[in-house]
Every structure is written in structure tokens, then in C-alpha cells.
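Going down the list, the protein sequences come from chains A and B.
Here the first sequence is numbered in my numbering, starting from 1 and rising by one per residue.
Here the second sequence is numbered in my numbering, starting from 1 and rising by one per residue.
Accuracy of the hints is not assured; some may be wrong.
[What the hints assert, rightly or not] For the chain A half of the interface with chain B, some residues (derived, Cβ under 10 Å), not all of them: (1) A9; (2) S24; (3) A39.
Note that these hints are calculated values from the structure, not bench results.
Glycine residues also receive a C-beta, built at the ideal position from the N, C-alpha and C atoms.
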Amino acid sequence: MSTAERLDADELARCLAPADEAPSAALCQRVMAAVVREARRPPRLRFPWPRFAVGLAATLAAVLLLAWEGRHSLGG
Amino acid sequence: MTAEEDGADVARVLAGDVDAFEGIVRRWQGRLLALALRMCRDRGRAEDMTQEGFVRIFRSLGQWRGRASFSTWLTSVALNAFRSHLRLRPWVARQLELELEELVPSPSAGDEDPRAERVRRAVAALPALYRDALLAFYFQDQDLEQAARTLGVPAGTLKARLHRGRKLVEDALRKPR
Numbered sequence: 001m002s003t004a005e006r007l008d009a010d011e012l013a014r015c016l017a018p019a020d021e022a023p024s025a026a027l028c029q030r031v032m033a034a035v036v037r038e039a040r041r042p043p044r045l046r047f048p049w050p051r052f053a054v055g056l057a058a059t060l061a062a063v064l065l066l067a068w069e070g071r072h073s074l075g076g
Numbered sequence: 001m002t003a004e005e006d007g008a009d010v011a012r013v014l015a016g017d018v019d020a021f022e023g024i025v026r027r028w029q030g031r032l033l034a035l036a037l038r039m040c041r042d043r044g045r046a047e048d049m050t051q052e053g054f055v056r057i058f059r060s061l062g063q064w065r066g067r068a069s070f071s072t073w074l075t076s077v078a079l080n081a082f083r084s085h086l087r088l089r090p091w092v093a094r095q096l097e098l099e100l101e102e103l104v105p106s107p108s109a110g111d112e113d114p115r116a117e118r119v120r121r122a123v124a125a126l127p128a129l130y131r132d133a134l135l136a137f138y139f140q141d142q143d144l145e146q147a148a149r150t151l152g153v154p155a156g157t158l159k160a161r162l163h164r165g166r167k168l169v170e171d172a173l174r175k176p177r
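My request is simple: use the sequences and hints to build the entire structure.
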């Protein structure tokens with residue numbers, strides 16, 4: 001392999017090192033417009049896990065109670 | 001001092017002053033645009049990606065705890081936003097882009113070292129796995145642990161991807177132009 005084709009770690013590091021690229025004049029304005037839109041958006045509704053857990057526990061308790069009562073009424 | 005300015009702007013944004021985010025955009029837009037360009041080699045699309053990256057950063061600002069430097073954290077959030085953007089694009093469009101690169105000069109082809117430009121093109125054309133590994137590592141000051149955290153993979157996995165990625169770039173450079 002010729003030296004022109006070889007790629008050592010230093011060269012790759014040089015080519016990929018952090019750098020700045022000149023942005024277009026309007027980029028900052030575009031970004032800020034998008035950010036302001038984002039800030040105005042109402043916060044996303046989260047899934048109500050605590051309420052869901054309480055509801056699930058209550059349903060399970062009711063099912064167990066009904067099953068227990070059913071067994072006793074059949075047995076009695 | 002950039003770090004101090006960043007810290008002050010973050011505090012103002014978190015206190016409800018959205019306009020303070022403009023300072024962060026002005027200081028970091030060139031850096032994030034350069035990162036986006038290394039991933040897609042298309043200036044228009046890179047600017048769209050930069051915009052999405054900043055919106056993601058704005059949304060996540062409350063998660064920056066100051067444990068990592070702001071620049072590391074910001075690069076990491078932007079890199080993940082860019083990866084999501086590129087993942088959502090159809091494969092055909094990406095292939096077309098690569099073919100167009102052969103016809104259209106790259107954004108900075110005129111004023112750059114042609115060899116460096118070839119290396120960057122080769123990196124941008126790599127499969128996402130290796131491209132992201134190389135960019136995360138070299139754009140974050142070669143900090144293996146940080147780059148692995150950014151990509152959500154163990155350091156050993158990242159090391160293997162870096163090794164394979166370097167090999168693929170070398171292979172691409174060997175191909176006749």
C-alpha cells in the first residue's frame with residue numbers, strides 16, 4: 001500500500017477533529033424560530049402511571065373479592 | 001469565557017428566558033453544522049439537522065447537570081439527534097445522495113485539503129454503525145468512555161467499531177477515484 005493510501009490514526013484524528021463551519025446567515029434565526037415554537041408548545045401529557053396502578057390494584061382486589069365470595073356462596 | 005457564558009445562558013433559559021438560548025446557538029452553530037456535514041455532506045440537510053439538534057438540546061437542557069462539560073453534553077445530544085434524523089430517512093434517498101456526491105462538489109471542497117476532504121467523504125459514506133463511532137470518538141476529543149456513553153454501547157464495542165471503521169475508510173481511499 002502506498003503512503004498516499006495509508007491512513008494513520010493521526011491523519012484520521014486531524015481530518016475528523018472538532019471544527020467550525022460557517023453557517024448561513026439565516027440559520028440562527030431559523031433555529032430560534034423553531035425553539036420559540038417548541039417553547040410555546042404545551043408540555044406533553046405523560047401516561048398517568050400512579051392512577052393506572054391504583055386502578056389496576058382496585059380492579060384486582062374486586063376480582064379476588066368476588067371470586068372468594070363466589071366460592072363461599074357455592075360452598076355454603 | 002465560553003463555558004461561563006454557556007452556564008449563564010443555560011441558567012437563564014431554565015428560568016424561563018427563551019431568548020437567552022440565542023447566545024448558545026450563536027456560539028455553537030458552527031460546531032454542530034460541521035458535525036452534521038461530516039455525517040451527510042449536504043449543506044441544506046446539514047442545516048436542517050443542526051436546527052433539529054438545537055431543538056433537542058433546548059428540550060433536554062434541564063438534564064445537563066454540569067457533570068460533563070457543556071460542550072461534551074451538547075455534542076452528545078446533537079449527535080444523537082442527527083443519528084435519529086438519518087435513521088428516519090429512506091435508504092434510497094441516502095443512496096441517491098451518495099451518487100450525487102460524485103457529481104456535485106462538496107460544500108467545502110473549494111477551500112479544503114483534497115485528501116482531508118476525501119477522508120471525510122469516505123467516513124460519511126460508511127455504514128452508520130462505523131460512521132457514528134468514528135465521529136463520536138474524534139469529535140469528542142478522542143474520549144473513548146464519553147463517546148461510548150453518547151452512542152449507548154460498551155467501550156469495548158466502540159473500540160471494535162473504531163478499528164473496523166478505520167479499516168473501511170482505508171479501503172475506500174484505496175479505491176480509484
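Here's how the hints hold up against the structure:
The interface hint given for A9(A) is met, as the beta carbon of that residue sits about 7 Å from the closest beta carbon of chain B, less than 10 Å. Given hint, S24(A) at the interface with chain B, holds; its Cβ is 6 Å from that chain's nearest Cβ, closer than 10 Å. Here the hint on A39(A) is kept, as its CB sits about 5 Å from the closest CB of chain B, short of 10 Å.
Of the numbered hints listed earlier, not one is contradicted by the structure.
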